[in-house]
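Sequences and hints are given; from them, build the entire structure.
Heads up, this note's numbering is the position in the sequence shown plus 3, with the first residue counted as 1.
Treat the hints as calculated values from the structure; they're not laboratory data.
Treat the hints with care, as some may be off.
Per label pair, the in silico range of CB-to-CB distance [what the hints assert, rightly or not]: (1) Arg347 with Phe235: 31 to 39 Å; (2) Pro300 with Gln129: 31 to 39 Å; (3) Met155 with Ser187: 35 to 43 Å; (4) Pro104 with Arg136: 25 to 33 Å; (5) Arg202 with Arg105: 51 to 59 Å; (6) Thr271 with Ala161: 35 to 43 Å.
Cβ atoms here follow ideal geometry from the backbone N, Cα and C, with glycine treated the same way.
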Amino acid sequence: MTMAQNHELIGKLRSLSIDRGDAPKHEPGRAPQRRLWVLAVGLVSAAAAGVAVQAPALFSARSAHAPVAPVASAAPVAASVPLPAPPPSSGLVGSGYVVAPRSVAIKPQAGGRVATLDVELGQRVQAGQILGRLDMAQALLNRRIAQSNVDMAVARVASAEAELSQSLDPLRRLEALAPRGIASEASVADARLKAARLRHEVNVQNHALETSRLYLEQAELDLEHLVIRAPFTGTVVNIATVPGQVVSSGESGGSDPSVLMTLVDTDTLFVDVDIAETNIAGIAPGQPARVVLDAYPKQERAASVLLIEPSASRQKGTVTVRLSLPNTGGGMLANMAAKVVFDRMSGSDRPGSEKKEKGEGQ
4 MTMAQNHELI GKLRSLSIDR GDAPKHEPGR APQRRLWVLA VGLVSAAAAG
54 VAVQAPALFS ARSAHAPVAP VASAAPVAAS VPLPAPPPSS GLVGSGYVVA
104 PRSVAIKPQA GGRVATLDVE LGQRVQAGQI LGRLDMAQAL LNRRIAQSNV
154 DMAVARVASA EAELSQSLDP LRRLEALAPR GIASEASVAD ARLKAARLRH
204 EVNVQNHALE TSRLYLEQAE LDLEHLVIRA PFTGTVVNIA TVPGQVVSSG
254 ESGGSDPSVL MTLVDTDTLF VDVDIAETNI AGIAPGQPAR VVLDAYPKQE
304 RAASVLLIEP SASRQKGTVT VRLSLPNTGG GMLANMAAKV VFDRMSGSDR
354 PGSEKKEKGE GQ
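Take a look at the structure:
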């Protein structure tokens, strides 16, 4: 209902009012006029309410056909930077341990008391470097005795050779006089027998000299065995003895030779992973992989399959796969736990695929 209709309605209501001319006049605020105005105000309010009820419907009808404007975001959105996609994974994930193929328990070649240890735990040593020494007092004494025996044998040889040389001159004179009858055959025979006996003595003393020299070499070798040297370049990972401890070599009555220390080649390390037999078909030598050590969970290292063991474990139903893992950055230690993710390889990338293709082409 419009405002014009409201005024028309008020006019009609006024025309219907009764003229009370004979009635006594009331004061300006009398009741009849108040009722009329109350009634008019009520009608106007009702009309306004009708307009208010129609307005939302009209607005909703218009808004249904009005295009919706795009709302701009209040704050600018940072542009997303594309991250490098990780290499595709074959879905095979395994766990294993870092292994050192060259790990040696250093044991003494001769028993004795540990005199000195010249290395510390974690120290890197070179091949041939002295790691420690056993007590050398007895070995030094044995070498001195052997050297003395050699000197005595040399003297005996010289004495035997001198006696032989002295016996040869009379023999020559007798042999020269015997044809002329001046010397008897018996004296010549005695001279020859003496010379032969002296030659034999020279040979015996020469053999004794050779034997004494061998004993000297043995004494020097025993002395060298008391010096512990590194068999290869590596790192000392365990020291199991202290100076003053008596150790056994295992060769002179000891059933279990004592371990002095453990040496590991940390330059060449591998990771051995057990893979289920049902998944071993997805692994091939040369296949790339990613290794994460438990000690360095945020550091990923590139590796590759070195070999697959030719036999499986009957108890576990797994096959051991060895991965080559260069220790370029350092920090890797033997027996560290590791997780391995094998990357997917295409058919052409698999080792042996080229040979197969060439064979089919022929």
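Here is what the structure says about each hint:
no. : hint                           : in the structure
1   : Arg347 with Phe235: 31 to 39 Å : 38 Å, holds
2   : Pro300 with Gln129: 31 to 39 Å : 34 Å, holds
3   : Met155 with Ser187: 35 to 43 Å : 39 Å, holds
4   : Pro104 with Arg136: 25 to 33 Å : 29 Å, holds
5   : Arg202 with Arg105: 51 to 59 Å : 56 Å, holds
6   : Thr271 with Ala161: 35 to 43 Å : 56 Å, violated
The structure does not agree with numbered hint 6 stated previously, though it agrees with all others.
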